[in-house]
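Using the sequences provided together with the hints, build the complete structure.
Chains as they are written, first to last, in UniProt numbering: chain A, 1 to 361; chain B, 1 to 361; chain C, 1 to 361; chain D, 1 to 361.
The hints are simulated quantities; they were obtained by calculation from the structure and are not laboratory data. Among the hints, erroneous ones may be present.
[Unchecked claim] If you want the footprint, here are the derived chain C segments under chain D, 3+ residues with CB under 8 Å:
hint	segment
1	4-15
2	40-52
3	221-233
[Unchecked claim] Derived lysine-lysine pairs resembling DSBU-like cross-links, with alpha carbons at most 30 Å apart:
hint	chain 1	residue 1	chain 2	residue 2
4	D	Lys7	D	Lys74
5	C	Lys190	C	Lys162
6	B	Lys74	C	Lys318
7	B	Lys59	C	Lys59
8	A	Lys200	A	Lys324
9	B	Lys74	D	Lys7
10	D	Lys267	D	Lys59
11	A	Lys190	A	Lys59
12	B	Lys74	C	Lys162
13	A	Lys315	D	Lys74
14	D	Lys267	C	Lys267
15	C	Lys7	A	Lys7
16	D	Lys315	C	Lys162
17	A	Lys318	A	Lys200
18	A	Lys74	C	Lys200
19	C	Lys318	D	Lys267
20	D	Lys324	A	Lys318
21	B	Lys267	A	Lys318
22	C	Lys200	B	Lys315
23	B	Lys324	C	Lys74
24	A	Lys74	D	Lys324
25	A	Lys267	B	Lys324
26	D	Lys315	C	Lys267
27	D	Lys74	B	Lys7
28	B	Lys315	A	Lys267
29	B	Lys7	A	Lys7
30	C	Lys7	B	Lys7
31	A	Lys324	D	Lys74
32	B	Lys74	C	Lys59
33	A	Lys74	D	Lys59
34	D	Lys200	D	Lys324
35	C	Lys200	C	Lys324
36	A	Lys315	B	Lys267
37	D	Lys318	A	Lys74
38	D	Lys7	A	Lys7
39	C	Lys162	C	Lys200
40	A	Lys7	C	Lys74
Just so you know, these numbers come straight off a predicted model, no measurement behind them. By construction, the Cβ of each residue, glycine as well, lies at the ideal position given by its N, Cα and C atoms.
Number of protein chains: 4
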Amino acid sequence: MGSIYGKIFQISTFGESHGAAVGVVIQGCPAGINFDLDFIQSELDRRKPGQSRITTQRKEADSVEVLSGVFEGKTTGTPIAMLVWNGDQRSKDYSHISDQFRPSHADYTYFAKYGLRDYRGGGRSSARETVARVAAGALAKLVLHQLGVRITAYVSQVGTLKLETPVEQLDLRVAETNAVRCPDTQLAEKMFTYIDQIRKEGDSVGGVVSAYITGCPIGLGEPVFDKLHAELGKAMLSINAVKGFEYGSGFDGVALRGSQHNDIIEKQADGSLRTLTNHSGGIQGGISNGEPIYFRVGFKPVATIMQDQDSVNEKGEKITVSGKGRHDPCVVPRAVPIVEAMAAIILLDFYLRNRVIQMPA
Amino acid sequence: MGSIYGKIFQISTFGESHGAAVGVVIQGCPAGINFDLDFIQSELDRRKPGQSRITTQRKEADSVEVLSGVFEGKTTGTPIAMLVWNGDQRSKDYSHISDQFRPSHADYTYFAKYGLRDYRGGGRSSARETVARVAAGALAKLVLHQLGVRITAYVSQVGTLKLETPVEQLDLRVAETNAVRCPDTQLAEKMFTYIDQIRKEGDSVGGVVSAYITGCPIGLGEPVFDKLHAELGKAMLSINAVKGFEYGSGFDGVALRGSQHNDIIEKQADGSLRTLTNHSGGIQGGISNGEPIYFRVGFKPVATIMQDQDSVNEKGEKITVSGKGRHDPCVVPRAVPIVEAMAAIILLDFYLRNRVIQMPA
Amino acid sequence: MGSIYGKIFQISTFGESHGAAVGVVIQGCPAGINFDLDFIQSELDRRKPGQSRITTQRKEADSVEVLSGVFEGKTTGTPIAMLVWNGDQRSKDYSHISDQFRPSHADYTYFAKYGLRDYRGGGRSSARETVARVAAGALAKLVLHQLGVRITAYVSQVGTLKLETPVEQLDLRVAETNAVRCPDTQLAEKMFTYIDQIRKEGDSVGGVVSAYITGCPIGLGEPVFDKLHAELGKAMLSINAVKGFEYGSGFDGVALRGSQHNDIIEKQADGSLRTLTNHSGGIQGGISNGEPIYFRVGFKPVATIMQDQDSVNEKGEKITVSGKGRHDPCVVPRAVPIVEAMAAIILLDFYLRNRVIQMPA
Amino acid sequence: MGSIYGKIFQISTFGESHGAAVGVVIQGCPAGINFDLDFIQSELDRRKPGQSRITTQRKEADSVEVLSGVFEGKTTGTPIAMLVWNGDQRSKDYSHISDQFRPSHADYTYFAKYGLRDYRGGGRSSARETVARVAAGALAKLVLHQLGVRITAYVSQVGTLKLETPVEQLDLRVAETNAVRCPDTQLAEKMFTYIDQIRKEGDSVGGVVSAYITGCPIGLGEPVFDKLHAELGKAMLSINAVKGFEYGSGFDGVALRGSQHNDIIEKQADGSLRTLTNHSGGIQGGISNGEPIYFRVGFKPVATIMQDQDSVNEKGEKITVSGKGRHDPCVVPRAVPIVEAMAAIILLDFYLRNRVIQMPA
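Shown next, in the form of structure tokens:
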């Protein structure tokens with residue numbers, strides 16, 4: 001019962017890795033939005049497997065189909081259903097693991113919780129469910145673009161290879177020009193080589209996706225529980241393989257003093273209030289303050305590796321899990337559009353929650 | 001509209017720093033629980049100001065009053081309202097800041113969002129609202145204790161002073177024997193001295209609270225969005241001054257390889273399945289697997305410092321904000337019971353959401 | 001877990017008949033509303049016991065106290081807590097029924113559901129909980145008044161005494177001038193005499209409350225489930241003793257033909273569209289169309305009567321339940337402000353849900 | 001944003017009359033349920049158009065397709081998506097009404113609320129959306145059947161032709177043996193003839209669907225707002241064309257006295273408690289008491305008639321709306337499975353909400 005997200009812009013997702021389809025029903029999308037199907041498809045293409053040799057070779061067209069809520073090119077305010085059929089299911093690849101609990105997968109926990117599970121490709125626990133997130137997020141992005149909000153995510157770390165350049169000095173558009181999606185071309189090449197090496201070794205490695213959001217209006221976020229960063233954190237932590245979330249100064253900020261960390265406010269020539277520094281990450285008291293919002297999302301090395309590992313099966317018998325099939329040696333390049341999608345969903349939902357009532361004068 | 005949390009065990013909090021009272025209405029608490037008011041009060045006492053010279057000297061009895069939902073010492077299944085009257089309000093302390101936007105506080109964002117604000121002591125954005133969290137969390141703890149779940153939080157970092165001992169080698173009960181709530185007595189003393197120094201300098205410093213949960217049953221968490229760690233993350237990030245959350249291997253896990261990070265499953269003599277390592281932090285695929293759950297919560301240095309700072313007022317005029325009044329130079333000691341409370345609320349809610357239907361044989 | 005209502009304007013109520021207090025926490029009230037405490041108190045006074053000899057003689061001041069969310073006379077956008085202390089509890093009146101299941105009360109169902117119950121005065125199942133509804137509804141009314149929405153309820157039936165005059169021919173203000181709250185003075189007198197006779201006989205009788213709402217903007221209601229009349233229906237049916245709800249032509253409309261029932265639309269001189277008739281009751285497809293909204297709410301004769309009745313106790317032993325204490329022989333006069341309050345809560349919530357996003361040109 | 005219903009068993013529906021498909025995503029269905037697709041299809045067949053000459057002649061196979069959440073014939077606890085493709089769309093039938101506001105349809109209110117609308121066949125406001133309700137309800141029924149709960153709806157009134165026989169004296173299975181779905185064969189014939197006459201006149205007529213539920217466990221319903229009958233009422237009122245809902249003694253109970261209306265409780269030979277009468281309709285204080293639950297749902301004459309009517313178009317110009325296309329002269333026969341479906345969804349949701357925590361002894 002946990003596959004619904006959002007309060008006003010509310011998504012309900014479905015689908016297993018090797019079921020018929022994955023998809024989403026979106027409630028609460030504003031009416032009258034130009035529904036740019038090409039853009040939505042292009043976002044799905046960014047997430048698609050098989051983009052380079054460092055991503056899984058599963059072949060999926062991932063063509064999105066719209067079933068409702070759009071009429072003559074515009075959203076109608078009614079529920080929008082989108083789905084992607086699963087093509088390259090190759091269920092046979094997984095029959096050998098039907099009773100296996102793979103290490104650090106969700107095989108055991110799903111089995112223990114539900115009493116049975118669709119073992120094919122991890123079933124619902126597969127990252128294939130993020131197709132639905134990206135489709136819904138692309139729609140949210142469409143709306144946000146018209147409101148001037150820009151969300152850009154990029155890879156800032158792979159293993160120990162870490163991007164140290166301050167975000168203000170980066171040209172984030174560069175990220176989309178390489179397979180790793182790192183905005184530093186030289187570092188991107190090192191990362192690519194490293195991931196490719198890991199792939200050849202049949203292993204996997206973790207990484208970090210950073211996000212940078214501009215044009216966000218002041219006032220998004222609903223304290224005391226639904227703070228903007230709290231909801232962003234939940235959204236990011238809900239993505240497969242994520243182990244940590246920090247925003248603004250993050251864990252590094254812990255070591256600072258208040259006198260160093262506080263962001264001094266200044267009035268600008270245009271009358272607006274801006275802060276001299278942005279340790280707050282664009283959010284104060286859980287509410288956006290108009291500065292850029294930035295955060296980091298840490299991904300573990302994915303559990304699927306092409307090596308033999310000890311484990312147990314449903315009966316508790318000792319087994320060897322053999323690495324077979326296709327996998328991503330490092331998920332962060334393909335996680336970039338997913339991070340953006342979830343951020344867009346959260347921001348649009350807060351945007352819609354933030355409506356103030358207009359009282360007559 | 002963001003002060004409600006939980007799906008079944010649902011809390012609705014209210015109250016400003018210098019209003020009449022802070023409190024909570026709890027919906028969905030199971031009936032028949034022995035309502036141990038002394039325990040709830042003792043949890044509030046752990047959060048109370050004035051516990052030592054390194055915490056704010058605001059004086060509050062913080063006596064909890066129960067208005068409903070309890071009859072003859074037991075919960076009745078109906079809403080439970082608890083409140084704490086605000087005693088030492090000293091509103092005059094704050095009159096001088098009525099139109100000031102203090103740096104890195106929520107003054108500006110609340111004003112911009114709502115068009116007006118209760119400026120006294122930060123109003124709703126004050127950490128005083130956490131009284132309600134601790135009261136509700138104490139009740140959740142009462143229930144969880146009877147189910148064998150133990151939640152322990154402790155201070156693991158203050159500024160750059162960091163506890164490096166693995167949690168398994170710590171006696172966590174030691175934490176409550178010192179003012180800092182660090183389970184390493186010697187480090188606790190260093191931390192105390194450091195915080196006291198910061199206090200004398202009229203400054204503040206950040207820190208980290210770690211949490212360790214045992215006895216959690218297998219199966220808590222509701223993928224794909226309401227994963228156990230995602231909801232824990234949101235809950236922690238919603239606490240004042242929190243900038244980051246990581247669980248299990250966290251951000252450090254990023255640099256590992258899958259072959260190092262994967263937790264191998266083994267059958268135990270008692271028939272249960274356990275993992276040899278616990279990089280997963282007790283959660284796999286968003287569902288608890290029976291291993292200890294652990295996570296870290298990063299707190300920034302609080303914004304209130306006893307130093308002059310540049311800022312602006314509501315009119316955008318340049319002003320000097322003078323540090324006056326009472327404050328915590330480092331919030332993490334008092335944040336320990338708040339972290340525990342939020343963890344308890346999340347766990348109990350998932351416990352209640354996890355009910356499976358019993359079909360007749 | 002069912003004492004929360006609303007999606008944006010969200011109320012969370014608490015309190016038992018003979019507990020310490022009854023009250024409500026309101027989330028999502030817009031900021032900047034003039035908080036007219038006198039008006040809220042006056043609404044509670046309309047619901048108060050002891051208004052005439054045909055209502056219960058329980059004595060309650062029912063003075064409302066505001067704990068949060070209001071600053072310098074205005075709402076701040078943060079949660080608003082209001083409570084009313086229970087004064088005249090006279091718990092002894094109820095000790096004799098501690099193990100009794102009174103006929104057609106909720107004694108047995110609460111006991112069976114929760115395993116225990118606060119038996120004093122019906123505990124949570126007492127209509128005393130409607131104090132919280134009226135307080136929250138009064139606040140909603142305050143906001144709606146400024147938006148031009150007027151909600152008027154009145155008694156239209158007591159037993160078989162039925163008001164047959166079409167609502168357009170009534171002066172609804174008359175209702176508040178008599179103890180029965182019927183807008184037809186002569187009928188009100190008959191009703192009063194009848195209720196008083198029932199009271200003397202130690203019996204009770206049912207009735208109908210009608211509601212009439214003007215000034216409601218076009219566009220409230222969220223199909224396909226949260227239709228305006230569906231939510232109004234739920235709200236009314238949730239009031240103690242209600243057995244039925246109908247709006248517009250209601251059950252009488254069943255016998256009509258489409259050619260009789262359809263409301264023909266005409267353009268008015270001012271450019272607005274109006275319907276010639278209003279069988280739709282101001283709602284089409286679940287969305288308000290700008291015409292007056294009207295509905296009827298049927299109340300059963302309350303279960304408390306001053307007569308001996310057969311029943312059983314918790315052990316299943318046959319007992320005689322003796323009528324003692326204080327009761328309302330007919331609840332509809334005091335139900336009038338409750339019906340208005342629930343209607344106001346629903347309308348304001350839809351008003352806030354209806355916000356459309358303003359896209360830049 | 002109003003097409004989600006339920007708290008645990010949560011349905012999210014989508015689809016327009018003449019869009020690509022209608023469907024539903026179901027969250028929170030228990031795992032391990034035998035997924036009987038034939039049964040679900042058979043329920044859809046009961047709702048299907050074209051069953052007799054007194055229903056619309058639109059031709060739809062209404063074959064349900066399952067996309068997720070079912071594996072090897074059992075539910076897996078993950079979201080279940082079901083859809084039905086729209087076949088016989090005949091969009092051309094509706095092009096002539098693209099700018100027309102038909103009397104007593106939702107054309108005008110949708111247009112006013114959303115600023116645009118899918119005019120084909122009423123778009124989202126068409127009763128075609130109830131396909132999704134019936135599919136979800138069929139699944140809920142599957143679960144409830146295994147729990148011993150039986151829900152039977154039937155037609156009890158068409159126009160002024162009213163079934164007066166007490167439900168206990170009826171053989172409800174008879175209802176499914178005639179086209180009207182009335183359990184009294186003779187009355188059913190009269191109703192059929194009457195509806196057929198109405199059809200020939202190009203008119204429509206209203207009716208009442210009654211429901212009777214047995215085997216419902218004690219304890220369903222969550223006061224004070226989510227009372228069992230309140231939620232049933234909302235669910236029924238959300239069905240197209242419904243104008244009223246009453247349960248138990250309903251509006252007729254208004255005229256009774258408490259001494260007549262109260263249901264006396266008696267202990268049975270098997271130790272259970274039963275009531276001698278059942279004016280309460282199986283629900284007391286909003287919680288089921290184990291007696292049969294019964295209620296009545298009033299449907300207006302549908303707005304679509306085959307006659308010319310005055311109206312206006314989007315520009316406010318006076319027009320004549322001509323009756324063309326296909327329609328149901330009386331919706332109640334096809335509404336029977338819809339009423340059952342919504343009742344099943346509500347009951348299962350309460351069943352799942354009712355889980356009590358099992359405390360260790």
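Going down the list of hints, with the structure as the test:
1. Remark: the segment 4-15 of chain C is confirmed as covered by chain D, as 3 of its residues place a Cβ nearer than 8 Å to a Cβ of that chain, reaching the required three.
2. With 0 residues having a beta carbon nearer than 8 Å to a beta carbon of chain D, the segment 40-52 of chain C misses the requirement of three or more and the stated coverage is violated.
3. Only when three residues or more bring their CB closer than 8 Å to a CB of chain D does the claim for the segment 221-233 of chain C stand; here the count is 11, and the claim holds.
4. Using a Cα cut-off of 30 Å, the hinted pair D:Lys7 and D:Lys74 holds, with the two alpha carbons roughly 22 Å apart.
5. Of the supplied pair hints, the one linking C:Lys190 and C:Lys162 holds, its CA atoms being roughly 10 Å apart against a limit of 30 Å.
6. For the hint pairing B:Lys74 with C:Lys318, the CA-to-CA distance comes to about 28 Å; that is within 30 Å, so the pair holds.
7. This hinted pair does not check out: B:Lys59 and C:Lys59 have alpha carbons roughly 38 Å apart, beyond 30 Å.
8. For the proposed pair A:Lys200 and A:Lys324, the alpha carbon gap of about 13 Å is at most 30 Å, so the pair holds.
9. Of the pairs offered as hints, the one joining B:Lys74 and D:Lys7 holds, with about 27 Å between alpha carbons and a cut-off of 30 Å not exceeded.
10. This hinted pair does not check out: D:Lys267 and D:Lys59 have alpha carbons roughly 53 Å apart, beyond 30 Å.
11. Of the supplied pair hints, the one linking A:Lys190 and A:Lys59 holds, its CA atoms being roughly 26 Å apart against a limit of 30 Å.
12. In summary, the hint linking B:Lys74 to C:Lys162 is not supported, as the alpha carbons are separated by about 46 Å, beyond the 30 Å threshold.
13. Of the supplied pair hints, the one linking A:Lys315 and D:Lys74 holds, its CA atoms being roughly 21 Å apart against a limit of 30 Å.
14. With a C-alpha separation of about 64 Å, the suggested pairing of D:Lys267 with C:Lys267 is violated against the 30 Å cut-off.
15. Distance check on the hinted pair: C:Lys7 and A:Lys7 sit about 8 Å apart at the alpha-carbon level, within 30 Å; holds.
16. A hinted pair counts as satisfied when its Cα atoms are at most 30 Å apart, and D:Lys315 with C:Lys162 does not qualify at roughly 43 Å.
17. Annotation: proposed proximity of A:Lys318 to A:Lys200 holds, straight-line Cα distance about 27 Å (limit 30 Å).
18. With a CA separation close to 66 Å, the supplied pair A:Lys74 and C:Lys200 exceeds the 30 Å bound.
19. Simply put, C:Lys318 and D:Lys267 have alpha-carbon atoms about 8 Å apart, close enough for the 30 Å limit, and the pair holds.
20. Restraint check for D:Lys324 and A:Lys318: the C-alpha separation of about 70 Å exceeds 30 Å, so the hint is violated.
21. Annotation: proposed proximity of B:Lys267 to A:Lys318 holds, straight-line Cα distance about 8 Å (limit 30 Å).
22. This hinted pair does not check out: C:Lys200 and B:Lys315 have alpha carbons roughly 68 Å apart, beyond 30 Å.
23. Restraint check for B:Lys324 and C:Lys74: satisfied, since their Cα atoms lie roughly 28 Å apart, inside the 30 Å limit.
24. Proposed proximity of A:Lys74 and D:Lys324 is supported: the alpha carbons are some 28 Å apart, at most 30 Å.
25. Between A:Lys267 and B:Lys324 the CA atoms are separated by roughly 24 Å; this keeps the pair inside 30 Å, and the hint holds.
26. Taking the CA atoms of D:Lys315 and C:Lys267, the gap is about 10 Å. The hint holds against a cut of 30 Å.
27. The straight-line distance between the Cα atoms of D:Lys74 and B:Lys7 is roughly 27 Å, inside the 30 Å bound, and the hint therefore holds.
28. In summary, the hint linking B:Lys315 to A:Lys267 is supported, as the alpha carbons are separated by about 10 Å, within the 30 Å threshold.
29. This hinted pair checks out: B:Lys7 and A:Lys7 have alpha carbons roughly 13 Å apart, not beyond 30 Å.
30. Our distance criterion of 30 Å between C-alpha atoms is met by C:Lys7 and B:Lys7, whose separation comes to about 13 Å.
31. Under the criterion of a C-alpha separation no larger than 30 Å, the hint pairing A:Lys324 with D:Lys74 is consistent with the structure, at around 28 Å.
32. Taking the CA atoms of B:Lys74 and C:Lys59, the gap is near 28 Å; set against the 30 Å cutoff, the hint holds.
33. Distance check on the hinted pair: A:Lys74 and D:Lys59 sit about 28 Å apart at the alpha-carbon level, within 30 Å; holds.
34. Between D:Lys200 and D:Lys324, the direct Cα distance comes to roughly 13 Å. Compliance with the 30 Å bound is thereby established for this hinted pair.
35. As the CA atoms of C:Lys200 and C:Lys324 are separated by approximately 13 Å, the hinted pair is consistent with the 30 Å bound.
36. The hinted pair formed by A:Lys315 and B:Lys267 meets the criterion: a straight-line CA distance of about 10 Å does not exceed 30 Å.
37. The hinted pair formed by D:Lys318 and A:Lys74 meets the criterion: a straight-line CA distance of about 28 Å does not exceed 30 Å.
38. For the suggested pair D:Lys7 and A:Lys7, the alpha carbons sit about 13 Å apart, so the restraint of at most 30 Å is met.
39. About 22 Å separates the Cα atoms of C:Lys162 and C:Lys200, which keeps this hinted pair within 30 Å; it holds.
40. Distance check on the hinted pair: A:Lys7 and C:Lys74 sit about 27 Å apart at the alpha-carbon level, within 30 Å; holds.
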